[in-house]
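> Those sequence lines, one after another, are chains E and X. Using the numbering used here, the letters of the first sequence map in sequence onto residues 1 to 79. Using the numbering used here, the letters of the second sequence map in sequence onto residues 80 to 283.
Because the hints were derived from the structure by calculation, they are not lab data. Be careful, since some hints might not be right.
As the list claims (entries may be wrong) - Under the rule of at most 30 Å between Cα atoms (straight-line distance), these lysine-lysine pairs were calculated in the DSSO-like manner: (1) LYS164/X x LYS250/X; (2) LYS164/X x LYS18/E; (3) LYS154/X x LYS226/X; (4) LYS226/X x LYS28/E; (5) LYS18/E x LYS28/E; (6) LYS199/X x LYS28/E; (7) LYS250/X x LYS28/E; (8) LYS199/X x LYS156/X; (9) LYS226/X x LYS164/X; (10) LYS154/X x LYS164/X; (11) LYS156/X x LYS250/X; (12) LYS154/X x LYS250/X.
All of these numbers come straight from a predicted model, not from anything done at the bench.
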Amino acid sequence: MTDTPDPTPPARPPLTLKRALGHIISCKDASRLVSRREEGPLSAWQRLALRLHLSVCEACSRFERQIAFLRTAMQRYRQ
Amino acid sequence: MDYYAQPYSSSAMAAADISRDLEPQRSYLLRVARLQLRDEALAEDVVQETLLAALSGTGFSGKSSLRTWLTGILKHKIVDAIRKKQREPTVASSFGDIDAEIDIEDFDALFNERGGWEPKPGEWGNSPEDALNQRQFLDVMDLCLEKLPPNTARVFMMREVMELETDEICKELTINANNLWVILYRARMALRLCLEQNWFARND
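Please build the complete structure, drawing on both the sequences and the hints.
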C-alpha cells in the first residue's frame, strides 16, 4: 500500500459504467442491429444493447443516420 | 343536338389524358424493372404490361401520385415474372445463385478484429438530404445500385422501392428471414460505402 499519487494521467477515457455498458456489443453487432431494425422490431434486449452502444459511439450514430438517409433517398427514388 | 357533334366520349378523353401522362413514367418504371430483373427484354415486357394494365384499369383515384399507383402495378408484374422464372429451371440460372450472395463475412473486412469500424463511417454533413435535389447525386445512386450483386439489388429494391414486407420477399424468393436480413445488411453497407466514396467524400 502506498499513498504516492499516480503521476501519469490515464491515456484512455475513464471506464465509466456507461462506457462499459455501451461496449457490451461491438460496432459490428450494432451495425447489424441498425439494419435489422429497418425490417421490424428488435427484441427488448437488442433494443437496450443498441441504445447503450449508440449513446457512447459516434461512428455508429453516424452509421444510423446514414441508414435513415438511405431510406429517404430510396423513397425519393420512388416519387 | 347532333349526335356526332361529340366524337369522343368523356372516358375516351380521360384515357387520352392518362396515356399522355404515362409516357414520361416509362423510363422510371424501366429503370426499376431492370434493376430488379437484370434482363432487358423481360423488363420491357413487364413495363409494357404495367402500362397496358394502367390504361385499361380504373384503379387510379388521383389520391396517390401517378407514379405510386404505377409502382404498385409494376410490383405485382415483377413478382409474377420472378415466380414464373423460378418455375422454369433452365432460365432460373440467369438469376444467379442467391446463396452465393448471403455470406455476411464479406463485410467483416470493414471491421477490425475487435468488431470496431475500420475505417469509421465518414461525416456526411449537416443535411445530406440536400443531395437528393441534385440530378448528379441520383445518377451516383443509380450507379451504386447497379454495382450491387444482382440478387442483392433485387431484394433491396423489393424492400425499399416496392415496399414488400419481409415475409412476402422470403416467400417469393424462398429464402429464410435470417438470409434476407443478411442480404439487406449487405446492400445497405455496400450502398453506404459507395455513396460515401463517390459523393460525400468528394463534396466535403
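> Between LYS226/X and LYS28/E, is the straight-line Cα distance small enough, at 30 Å or below?
holds (23 Å)
> Regarding the pair LYS154/X and LYS226/X, is the alpha-carbon distance no greater than 30 Å?
Within the cut-off at roughly 22 Å; holds.
> Could you grab the alpha-carbon distance between LYS250/X and LYS28/E and see if it respects the 30 Å cut-off?
Holds, at about 28 Å.
> Does the alpha-carbon distance linking LYS164/X and LYS250/X stay inside the 30 Å limit?
Given that 30 Å is the threshold and the Cα spacing comes to 14 Å, the pair holds.
> For a C-alpha distance cap of 30 Å, please report whether LYS199/X and LYS156/X respect it.
Roughly 40 Å separates the two Cα atoms, so the pair is violated.
> Straight-line Cα separation of LYS199/X and LYS28/E no greater than 30 Å?
Within the cut-off at roughly 11 Å; holds.
> For the pair supplied as a hint, LYS18/E and LYS28/E, is the alpha-carbon distance within the 30 Å limit?
It holds: about 19 Å lies between the C-alpha atoms, which stays within 30 Å.
> Can the restraint linking LYS154/X and LYS250/X be considered satisfied, given a maximum Cα separation of 30 Å?
holds (15 Å)
> Straight-line Cα separation of LYS226/X and LYS164/X no greater than 30 Å?
Holds, at about 23 Å.
> Is the hinted pair LYS154/X and LYS164/X satisfied, with a Cα-Cα distance of at most 30 Å?
holds (15 Å)
> For LYS164/X and LYS18/E, compute the direct alpha-carbon distance and say whether it is at most 30 Å.
violated (52 Å)
> Assess, step by step, whether the Cα of LYS156/X is no farther than 30 Å from the Cα of LYS250/X, and give holds or violated.
holds (16 Å)
Hint compliance for this structure: hints 2 and 8 are not met, and every other hint is.
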